[in-house]
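Novice: Using the hints provided, position chains B and C relative to the given structure of chain A.
Top to bottom, those sequences are chains A, B and C. Residue numbering for the first sequence follows the numbering used here, starting at 1 and increasing by one per position. Residue numbering for the second sequence follows the numbering used here, starting at 381 and increasing by one per position. Residue numbering for the third sequence follows the numbering used here, starting at 630 and increasing by one per position.
Honestly, the hints are just simulated from the structure, not real lab data. The beta-carbon is built from N, C-alpha and C at its ideal position, and this holds for glycine as well. Watch out, some of these pointers could steer you wrong.
[Claimed, not checked] Heads up, incomplete: computed chain A residues facing chain B, CB under 8 Å, no partners named: (1) Leu-5; (2) Glu-7; (3) Glu-8; (4) Lys-10; (5) Leu-11; (6) Glu-47; (7) Leu-48; (8) Gly-49; (9) Phe-50; (10) Met-53; (11) Gly-63; (12) Met-64.
[To be verified] If you want the ones that stay clear, here's a sample from chain A, every Cβ over 10 Å from chain C, calculated: (13) Met-236; (14) Glu-267; (15) His-278; (16) Gln-310; (17) Leu-314.
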Amino acid sequence: MNFELTEEQKLIQQAARDLAEREALLDVIERDEKAEYPYKHVQRMKELGFFGMTVDPKYDGGGMDSLSYVLVLEELSKHDSSLAVILSVHNSLACWGLENFGNEYQKEKYLKPMARGEVIGAFLLSEPEAGSDATHQKTLAEDMGDHYLVNGIKNWITSASTAGYYILIAQTKPELKHKGINAFIVEKDTPGITIGPHENKMGMRSSDTHSVMFTNVKVPKENRIGEEGFGFKFAMKCLEVGRIGIAAQALGIAEGAYMRALKYAKERKAFGTEIANHQAIAFKLADMAVKIETAKLLVYKAATLKDLHQPFGLIGAMAKRYCADIAMEVTTDAVQIHGGYGYVKEYHVERLFREAKLTQIYEGTSEIQRIVISRSILNE
Amino acid sequence: MKILVCISNVPDTTTKIKFTSDGKQFDATGVQWIINPWDELALTRALELKETTGGLIENITVINVGTKDTEITIRKALSVGADHAVRIDAIPTDAYAVASEIAKYVETHPFDLILTGIESSDYNGNAVGGMLAELLNIPSVSSVSSIEINEGKLIITREIDGGKQILDVPTPLVAIVQKGIAKEPRIPSMRGIMAARTKVIEVVNPINVAPLTDYILFELPQPKGKCKMIPADQLDELIHVLHQEIKAI
Amino acid sequence: MNILVYLEHWDGKFKKSTFELVSYAAAIAKQFQSNVYGIVLGNAETNEIEQLSKYGLENIIHIQNDVFKVLDNQLFTDVISQTVEFVNAKCIIFAHNNTGKALASRLSAKLKAGLVSGVVALPESKSPFIIRKKLFTGKATAQVKVNTEKCVLTLSQNAYGVYENSVAINKINADIKINAELCKTNLKEVQKFTAKVLLTDAEIVVSGGRGLKGPENWHVIEELADVLGAATACTRPVSDEGWRPHHEHVGQTGKIVAPMLYFACGISGAIQHVAGISSSKYIIAINKDAEAPIFEAADYGIVGDVMQVLPELTKKIKEFKK
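Okay, chain A solo, but in the shape it has when bound:
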């Protein structure tokens, strides 16, 4: 077992760190407050090749391994997890799904522009009445012979207004339940698509989240991904990969809060000494450090298994569950260590605390992860 990153992984980690520290951090508070999309930083992430970084170079991607990608999400999330979620949906869900299950025509036409970072991808699964339970898709994609006709509403869609391509999950044969679900590539400009108002979120406010309404939207037959009825399995596979990304994001949030709390505790004085010298604070910091180290091992293991082409679903679910939950705990403690300063925006930890909450909810809540984990261990 080797815990050393390769030279290249270190370089990529440093690149993401530099982008986050030197650029994104400068206006992160303002963007969070005004819920402004990070156009400038998204452009920089495109230039640096973070969009499509894991896609095979033969489809114009960066050809980097999953561990490198995890390092990028982690570094970005220490300072600005809005950037990480935009990247994660694009890479883990849209690009990965299409690269692994799309046909050559689809990859040529849709994957390549996404892998080059020219077009951003979104993933449309959640519905007003189907979040964690993805088997009950209300959005209909009727088979009209030469095309599908889509009607319905999708909710909580990251990059809904900034993406160019949607990976849409919809029901074609309701009588077959989840076996009647299909996945499609839909171009955002297709007539009949209406994007709802920007969601006023608690955290990750600089990312772009909307509902998307489909009214008689025609999707060409050749845009269906995989065989008829493959959609549910497709979505589950994508989410399995997505979990690693969200785990990495949660890890980064926890680390961002921890490093700020550590710095603060060593500077702030109370009762004649730095508060880090008080055991109440020192023990909190110790526990935060242990949680982060544990979380890191899980995420890196999940990514490494994926890179080795070994089953990673169970460890990925563990990583997502654990990282999200400790992100919530660590950010809570970080706010507490900061006292009153932790409750104001300048010190970043209240924002990280708000951001952490989402990692317990999206791409499979912590409860869903427990279902995945328990089923897996009980069936073994």
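Specialist: Only chains B and C this time, still in chain A's reference frame:
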């Protein structure tokens, strides 16, 4: 035109400096190593010049005197766009030894423009560039804050006390650069990192020059006394301090 | 073991830092019971040169030639190196400024003489020659041993001080060949900064950080600097944002300053900035955040809004001066 950029490996500028308990060595535990900031700016400017002068600059080489563990910084230089890299396989002892090693390489691999940072952020020697030029018997310009190329000729800006001089200096030349030479160092892109995979780091055997100086004992400064706080509404107290103690007024 | 000190002049005149350099060189000469020589290249004024005797300069070699109007490192080094031989100098001292650094390194390589740059004190021993220098941008010091017979030093500004010690000055005509063909530096243009007081010369520096909020608020810095006869400076983010020119940037990657008094206004005190000011004799910090690390580096601190404190302070200093 061929450009050589000399890069050294230094502790990250946010590093808290520590020494071994006997004070004889720098304690590198947990230190993150980076390209010396001025060297990195020199490289950035070299890349900008290559991109904006349409084929005039045929090659940018980076050179480092160091052991194998410095290769990550060399790899970074290749990832942001250096064409070629040389590592002289020696522990950098003092500036003279480093300059001599580089000079030896340059004697058989000539360059038109050699760039070095004005100092390294660790030992603050301000020495390698000047020494290298002297050993090669070529001109050097120090405190360079801008390099432009106009009709194939170098236009060099040198910072002087209270102003700057615009100079015309023929090549071959060592330009010792400082802040202002380029705005921000570059972040390597995935494409750049991928391209660097096929670039070879040429490892050269050292000539092992004896250092002219040795560091024998390191010390940290005495901690400063406690800061005396003066309430913002009692500035008269500060006036008193400025007059009586500091004698500034 | 004679001492040679290179004396830079600015349009024929010397500065306080020159007097410090002479004081230091004279002290080493005394320590080692040897003689101190100064070398001046170019058209320095005679009465300026005579002033140097006040600080202990016994011998001066003044070489006048128009070729010295513009600094050419190779030519200057050649001339200084001949002078080293002529006076049999074993220790050659430069100021730790742009020119000093540029020449000392070349001379060191030419003479194969150990270079110690940024020295902060008199030598600790003669044989072996051991001396203390700053490193890690002032975050530490080290004792350096020179392994060669000759040594080249650059003296950190304000590290030693100016000491009066009047002696008779002896003008020496040295037989030095000026190899003018070595000069390759052609001056096209000179641009002067508009600052009233040069940052590197200033006794007092008033410096602003991001706490000033924007360039439009810089007048509070300038007004305080004006009333104190101080130079203005700034932090790295401020120069990166373009609020102030980069030659005002003080810190690890900008200028290292060592004034008598440094005002840090609206500066949080990043380690890189503190490294650039830590040799200041006094630091006064003004910041609205009582927890800002700048207060760790400061001698006096005021917690308050710079936009209110600075104008009030300027007003009070004006009143006091009346």
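Novice: Decide, hint by hint, whether the structure agrees.
Specialist: Evaluation of the provided hints:
1. Taken as an interface hint, A:Leu-5 does not check out: its beta carbon lies about 10 Å from the nearest beta carbon of chain B, beyond 8 Å.
2. Residue-level restraint check for A:Glu-7 holds (minimum Cβ-Cβ distance to chain B is 5 Å; threshold 8 Å).
3. At about 6 Å, the closest approach between the beta carbon of A:Glu-8 and any beta carbon in chain B falls short of 8 Å, and the interface hint on this residue holds.
4. Interface restraint check: A:Lys-10 against chain B, minimum CB-CB distance 6 Å, threshold 8 Å, status holds.
5. At its closest, the beta carbon of A:Leu-11 sits 6 Å from a beta carbon of chain B; the interface hint therefore holds under the 8 Å criterion.
6. The restraint placing A:Glu-47 at the interface with chain B holds, with a minimum CB-CB distance near 6 Å, inside the 8 Å limit.
7. The beta carbon of A:Leu-48 is positioned within 8 Å of a beta carbon in chain B (closest approach about 4 Å), and the interface hint is therefore held.
8. Interface restraint check for A:Gly-49: the shortest CB-CB distance to chain B comes to about 3 Å, inside 8 Å, so the restraint holds.
9. Taking 8 Å as the C-beta contact cut-off toward chain B, the hint placing A:Phe-50 at the interface holds, the least distance being around 7 Å.
10. Residue-level restraint check for A:Met-53 holds (minimum Cβ-Cβ distance to chain B is 5 Å; threshold 8 Å).
11. Annotation: interface hint on A:Gly-63 holds; nearest CB of chain B at approximately 6 Å, less than 8 Å.
12. Taken as an interface hint, A:Met-64 checks out: its beta carbon lies about 6 Å from the nearest beta carbon of chain B, inside 8 Å.
13. Look at A:Met-236: its CB is around 47 Å from the nearest CB on chain C, clear of 10 Å, so calling it non-interface holds up.
14. At the 10 Å boundary, the C-beta of A:Glu-267 falls inside the reach of chain C, the nearest C-beta of that chain being 6 Å off.
15. Remark: the non-interface label on A:His-278 is consistent with the geometry, its nearest Cβ contact in chain C lying 16 Å away (cut-off 10 Å).
16. Once the 10 Å rule is applied to beta carbons, A:Gln-310 is consistent with being away from chain C; the minimum gap is 43 Å.
17. The claim that A:Leu-314 lies off the interface holds: its Cβ sits roughly 44 Å from the closest Cβ of chain C, which is beyond the 10 Å cut-off.
Checked against the numbered hints given earlier, this structure breaks hints 1, 14; the rest are met.
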